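**Student:** These protein sequence lines are chains A and B, in that order. Count along the first sequence starting at 1, add 155, and that's the number in our numbering. Count along the second sequence starting at 1, add 155, and that's the number in our numbering.
No lab work stands behind these hints, which were simulated from the structure alone. Mixed in with the good hints there might be a few duds.
Since the list gives no way to pick one copy over another, a pair counts as held whenever it fits inside one copy or between any two copies.
As the list claims (entries may be wrong) - List time: in silico DSS-like cross-link candidates among lysine-lysine, alpha-carbon distance up to 25 Å: (1) K263 / K423; (2) K526 / K686; (3) K673 / K263; (4) K574 / K435; (5) K314 / K227; (6) K673 / K231; (7) K429 / K618; (8) K167 / K314; (9) K435 / K673; (10) K233 / K669; (11) K669 / K578; (12) K688 / K734; (13) K233 / K367; (14) K482 / K233; (15) K367 / K227; (16) K435 / K233; (17) K544 / K688; (18) K231 / K255; (19) K688 / K763; (20) K263 / K688; (21) K669 / K219.
Keep in mind it's a predicted model, so treat the numbers as computed, not measured.
Protein chains: 2
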Amino acid sequence: MHRSHTCWELNKSHIGQEVTLSWWVANSRDHGWVIFIDLRDRYGITQTVFDPIDNKDAWELANKFRSEYVVKLTGKVKARMEGQANPNLSTWEIEVIIVKAELLMESKTPPFEISDHVEANEEIRLKHRYLDLRRKSVLENIVFRANMNRFTRNWFSDKGFLEVQTPIFTVSSPEWARDYVVPSRLHPGQFYALPQAPQQYKQLLMVGWIDKYFQVAPCFRDEDPRADRHSCEFYQIDVEMSFVEQDDIFQVAEWFIHDLIPTVTPNKRIFVPKIPEGIKKLIGRDWNVDWRFIKLTHKESQMFYGSDKPDLRFDMHFEDFTLDFNKSEFSVFKDAVDNGGCVKAMKMDGVNMSRKDIDEVTEVARGGWAKWLAYIIYEEEGPRSPILKYFSESEIKALQDRFSPKAGDMIFFWAGSFKAVIKSMNVVRLALRDRFNLVDKNALTFAWITDFPMFEIDKDTGKVDFEHNPFSMPHWWAAAFDNPNVEEIYWVQYDMSCNGYEILSGSIRNHDLKALTKAMEMVWKSEQDVKNKFWAMYNAFQFWVPPHGWFAFWFDRLMMILTDEENIRAIYAFPKSGKAEDAMMNAPSFLEPEQLEELHIDIREEVKEELGLD
Amino acid sequence: MHRSHTCWELNKSHIGQEVTLSWWVANSRDHGWVIFIDLRDRYGITQTVFDPIDNKDAWELANKFRSEYVVKLTGKVKARMEGQANPNLSTWEIEVIIVKAELLMESKTPPFEISDHVEANEEIRLKHRYLDLRRKSVLENIVFRANMNRFTRNWFSDKGFLEVQTPIFTVSSPEWARDYVVPSRLHPGQFYALPQAPQQYKQLLMVGWIDKYFQVAPCFRDEDPRADRHSCEFYQIDVEMSFVEQDDIFQVAEWFIHDLIPTVTPNKRIFVPKIPEGIKKLIGRDWNVDWRFIKLTHKESQMFYGSDKPDLRFDMHFEDFTLDFNKSEFSVFKDAVDNGGCVKAMKMDGVNMSRKDIDEVTEVARGGWAKWLAYIIYEEEGPRSPILKYFSESEIKALQDRFSPKAGDMIFFWAGSFKAVIKSMNVVRLALRDRFNLVDKNALTFAWITDFPMFEIDKDTGKVDFEHNPFSMPHWWAAAFDNPNVEEIYWVQYDMSCNGYEILSGSIRNHDLKALTKAMEMVWKSEQDVKNKFWAMYNAFQFWVPPHGWFAFWFDRLMMILTDEENIRAIYAFPKSGKAEDAMMNAPSFLEPEQLEELHIDIREEVKEELGLD
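Just need the whole structure built from these sequences, with the hints factored in.
**Tutor:** Laid out in structure tokens, this is it:
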């Protein structure tokens with residue numbers, strides 16, 4: 156037996172017992188004669204005591220112990236002397252008097268200090284991830300992931316959802332994101348694809364009577380890595396349900412979040428802010444009811460926050476002043492309106508911006524495609540701004556009516572085309588949030604963004620393409636396509652945003668083969684094309700398809716938000732780098748020529764030449 | 156709202172309520188005026204009643220309903236008339252009087268009848284798996300898999316094991332089974348490999364202080380499919396623990412099985428048969444203690460059952476008569492012994508074999524590399540056999556002493572080289588089991604097979620190779636290699652067998668870099684080779700590696716046994732065929748030339764020519 160207890164378990168109740176502990180040496184203190192060694196495992200720390208009177212061999216060996224050695228110690232648990240108790244240790248009430256010691260493994264000096272406080276260079280830490288894992292913050296994220304997995308699977312199972320493991324080897328659909336592919340040895344020249352999501356399989360489960368499906372599903376998309384998207388594989392909480400309408404799905408997702416947050420992150424709170432008056436007036440309804448999440452259409456979200464994943468923990472919504480300033484003496488406003496553009500503004504409450512702040516935020520606005528940033532500062536003495544002199548009384552009144560500015564507030568202005576203006580306003584709004592800490596870090600504000608547009612039209616070629624997954628149902632089913640303005644056809648499709656991130660996508664599916672074929676023909680022209688691209692779905696949808704819908708939480712991104720991490724790598728035990736590499740394992744790597752031959756493939760000539768292969 | 160209840164939920168307590176049901180039409184019975192339609196969902200069946208007096212439109216529509224139509228019906232729950240209750244329906248006490256009906260989707264006639272009893276051709280069923288899923292036996296296996304997953308994950312979490320999701324994109328190790336590989340777009344000419352198992356990652360977790368790891372892990376091996384091995388991906392219950400010895404690991408695995416079986420398959424029972432006297436006499440110990448599983452070494456298992464995965468639900472162990480028959484007058488026995496071979500026999504209790512039985516079992520023995528099958532039949536009048544005339548009195552006595560045959564028993568004999576004899580005996584033993592139903596189908600007999608040999612030597616080339624995973628610890632660590640007979644070096648490595656299947660593998664790892672390097676040098680010669688092949692492990696094992704060990708249950712195969720299925724495909728929702736194809740999705744498939752180009756690969760010229768590509 157290597158150990159009778161972990162370091163976290165031993166306490167007063169064990170006094171007098173003989174115990175065996177195997178783990179790493181945390182530190183060693185030589186008090187002249189007696190040696191004190193703290194033993195550490197992932198659960199806690201226990202103090203051990205070596206006295207040559209108890210056992211000379213053990214004491215002699217202990218003299219050689221250094222930090223991080225793996226040792227096995229046997230001894231008797233004893234109460235600590237009065238006054239020696241160490242309140243920083245979970246097992247501070249006892250120590251273990253060692254009578255037998257064994258060195259299990261010697262070790263080289265590590266390439267970086269293993270400490271919860273020192274941050275070594277990320278490259279070194281990823282290369283030696285097995286040492287990095289010993290750091291408390293890294294371990295905590297792994298434990299958090301395990302808790303999230305467990306809670307999620309049990310929650311959905313308890314609610315009657317059936318977990319189905321869908322295939323990881325499937326067929327390529329080059330229409331969406333790029334596929335990762337696997338050459339087949341048994342079928343020369345052919346390839347499997349790894350699923351970008353289990354989408355087709357889970358829809359087929361609905362045809363197969365599994366009316367409530369879920370899976371914490373591995374997904375694979377060959378996209379370039381970024382901070383909130385892990386390269387190679389990622390996970391989604393994948394759900395599909397039959398005989399549901401949009402609100403049935405919303406209730407399940409909200410219910411899950413309401414149960415999840417207090418369980419896995421009790422330090423966070425779900426915060427539903429009151430709807431800003433300016434928005435309520437325009438949309439003519441409240442944005443949430445009771446405990447339900449905020450609901451905005453895609454169009455509204457763009458109009459008021461310039462984003463389909465708005466951070467709604469703070470207000471600063473956009474007010475439109477196009478009509479108010481259509482006769483402005485300020486030529487920038489006037490020109491914008493005359494050219495079919497808009498004038499918009501947002502207010503920041505009670506922040507004193509310095510000249511430097513203003514300059515830097517202006518730089519941000521420039522990066523966000525605005526030429527300049529106009530503003531009014533409201534001081535005790537009244538408003539102050541370089542452009543104030545152009546404003547008429549009615550224009551000042553319009554600002555007053557809509558923003559009721561107080562001393563200390565600022566109003567920022569934009570003018571130009573709708574798309575450019577809201578894009579820049581969004582960037583500035585988020586920059587101000589970060590610069591002036593406008594949000595409560597422990598608040599989580601969730602919002603549904605609904606009614607996504609179905610198609611986008613390429614400006615240059617005029618080609619119609621899907622904005623999103625074409626398997627969603629348009630509002631009004633097949634009749635939707637009677638609208639000659641295809642950019643105004645909307646899906647029953649939705650995202651959930653949280654604190655400025657997209658954390659869920661979903662839709663009601665198009666289960667009507669006629670409407671589905673029609674939608675696809677808008678983009679791919681022929682029914683034959685649709686049949687070829689979606690063979691299984693085309694076949695299956697001829698046989699009693701129930702109405703159905705889905706959502707998928709971006710599981711990793713949700714964890715990233717809940718753990719306050721800024722890069723998605725932090726919630727993987729063994730993450731890929733920003734270049735999609737595993738520096739610890741040296742992946743990817745070159746293969747042996749025989750492997751390529753067996754798989755019936757070869758590296759392309761131009762690459763071989765460039766790399767000097769062959 | 157599409158439905159207020161599932162068909163399984165409605166009962167007497169709902170009488171008088173208005174309900175909405177959406178599902179498939181099971182069947183329709185026209186009683187002259189009133190139409191009765193059974194509505195079916197995956198939970199149950201509910202009878203609905205259409206009377207033109209209640210609602211004429213609904214009644215008219217119901218006239219058109221055919222089996223499998225998707226309909227949405229609204230009506231009032233009513234008690235059935237006395238005597239009309241149908242005991243075959245779970246909701247037999249009520250029926251629903253329909254006042255509103257809607258046809259949600261029409262449908263084509265299915266390619267096969269969807270029935271729990273009719274078995275359509277497997278090829279058709281796999282192509283239309285979404286229809287096959289509606290069959291009860293298929294659904295039950297999917298539900299079983301979900302239950303197994305849930306029980307397993309919660310069990311290991313409850314026992315303090317930390318679930319870690321290890322990477323699915325890793326590096327190729329061409330030394331073991333064949334890897335599936337994924338070409339990298341960002342790193343021209345390089346490839347990821349999908350993990351054959353998370354082995355290296357989980358060992359690195361041990362270096363990283365995660366002392367108890369588990370995962371229901373997807374694994375990928377490019378092996379040819381067979382009945383108990385799914386192609387492409389499969390799953391294992393993957394466990395690694397630090398500071399453990401072999402028996403610590405055995406206890407965890409046994410404890411899991413003891414908790415699992417009564418929960419997920421209450422109709423099965425764990426059966427630990429008494430050790431046969433002949434085995435006990437030779438090994439000098441019992442084969443199990445108390446509730447613990449049977450334990451045999453690899454050598455013992457081969458000797459007594461000719462297999463490293465013996466079915467121990469029934470006895471028929473092999474007895475050795477080499478010494479007893481070394482002066483036999485029966486030349487076949489004598490020659491075998493003179494040539495260094497052996498004479499072995501096994502007894503079958505109380506089965507009357509016909510001439511035809513004997514002929515057919517002899518054929519089986521021939522397929523198992525025996526030239527013929529000698530036997531004695533014990534009848535009321537005494538033994539009967541063509542070879543009895545050669546037997547001396549002492550030889551008859553030896554048989555009597557070891558087998559105590561009774562009337563109705565049979566003894567079968569083999570003579571020849573040890574390897575050929577036990578191989579044939581094993582095949583015949585299992586054939587007799589199946590032919591004469593020698594086992595209780597609901598019994599599960601688990602056995603540990605321990606101390607696997609480390610190396611095998613190629614007969615022709617003399618090349619030494621690993622019999623199994625080289626990361627296991629040999630008995631006696633580095634000193635093991637002082638043994639000049641490398642075939643007698645044994646690992647601390649084990650399998651668990653159940654009813655003739657291997658359902659678990661594991662070992663104590665070699666955590667001593669010196670012994671590990673030495674083992675690998677036996678096969679790959681240079682330390683540099685070892686460094687190149689196992690870069691991450693070689694690096695990591697320099698830093699305080701704790702003693703550790705592992706096991707992995709072959710999850711799919713375990714489920715196959717527990718559900719009495721004979722092919723592993725039956726426990727996958729969307730299985731691959733025997734040719735590693737997904738007939739429903741048409742995977743694998745050819746890619747677009749642009750995809751190949753982007754991945755820097757090409758199909759080999761010879762394959763292109765053969766397939767007429769380009």
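**Student:** Between K233 and K669, at a C-alpha cutoff of 25 Å, which is it: within one copy, between copies, both, or neither?
**Tutor:** neither (79 Å within a copy, 38 Å between copies)
**Student:** Pop the pair K429 and K618 into one bin, within, between, both or neither, using alpha-carbon distances up to 25 Å.
**Tutor:** Result: close neither inside a copy nor across copies, 41 Å intra and 77 Å inter.
**Student:** Go through the copies and call it for K435 and K673: within, between, both or neither, with a Cα cutoff of 25 Å.
**Tutor:** For K435 and K673, the Cα distance exceeds 25 Å both inside one copy (37 Å) and across copies (75 Å).
**Student:** Since the copies are identical, ignore which copy is meant and state whether K574 and K435 lie within 25 Å (CA to CA) inside a copy, between copies, both or neither.
**Tutor:** within (22 Å within a copy, 85 Å between copies)
**Student:** With identical chains treated as interchangeable, where does the CA-CA distance between K233 and K367 reach 25 Å or less: within a copy, between copies, both, or neither?
**Tutor:** neither (56 Å within a copy, 28 Å between copies)
**Student:** At most 25 Å between C-alpha atoms: does K314 with K227 qualify within a copy, between copies, both, or neither?
**Tutor:** between (47 Å within a copy, 23 Å between copies)
**Student:** With identical chains, the pair K544 and K688 could be close in the same copy or across copies; at 25 Å between alpha carbons, which is it: within, between, both, or neither?
**Tutor:** neither (62 Å within a copy, 75 Å between copies)
**Student:** Pop the pair K526 and K686 into one bin, within, between, both or neither, using alpha-carbon distances up to 25 Å.
**Tutor:** Result: close neither inside a copy nor across copies, 49 Å intra and 57 Å inter.
**Student:** Within, between, both or neither: how does the pair K167, K314 come out at a Cα-Cα threshold of 25 Å?
**Tutor:** between (43 Å within a copy, 24 Å between copies)
**Student:** Could you place K482 and K233 in one of the four classes (within, between, both, neither) given a Cα distance threshold of 25 Å?
**Tutor:** Neither way: K482 and K233 sit 87 Å apart in one copy and 71 Å across, limit 25 Å.
**Student:** When no copy is specified for K263 and K688, does a C-alpha distance of 25 Å or less occur within a copy, between copies, both, or neither?
**Tutor:** between (56 Å within a copy, 21 Å between copies)
**Student:** Cα distance capped at 25 Å. Does K673 pair with K231 within a copy, between copies, both, or neither?
**Tutor:** Classified as neither: same-chain Cα gap 78 Å, cross-chain 38 Å, threshold 25 Å.
When the structure is compared with the earlier hints, violations turn up for hints 1, 2, 6, 7, 9, 10, 11, 13, 14, 16 and 17 and for no others.
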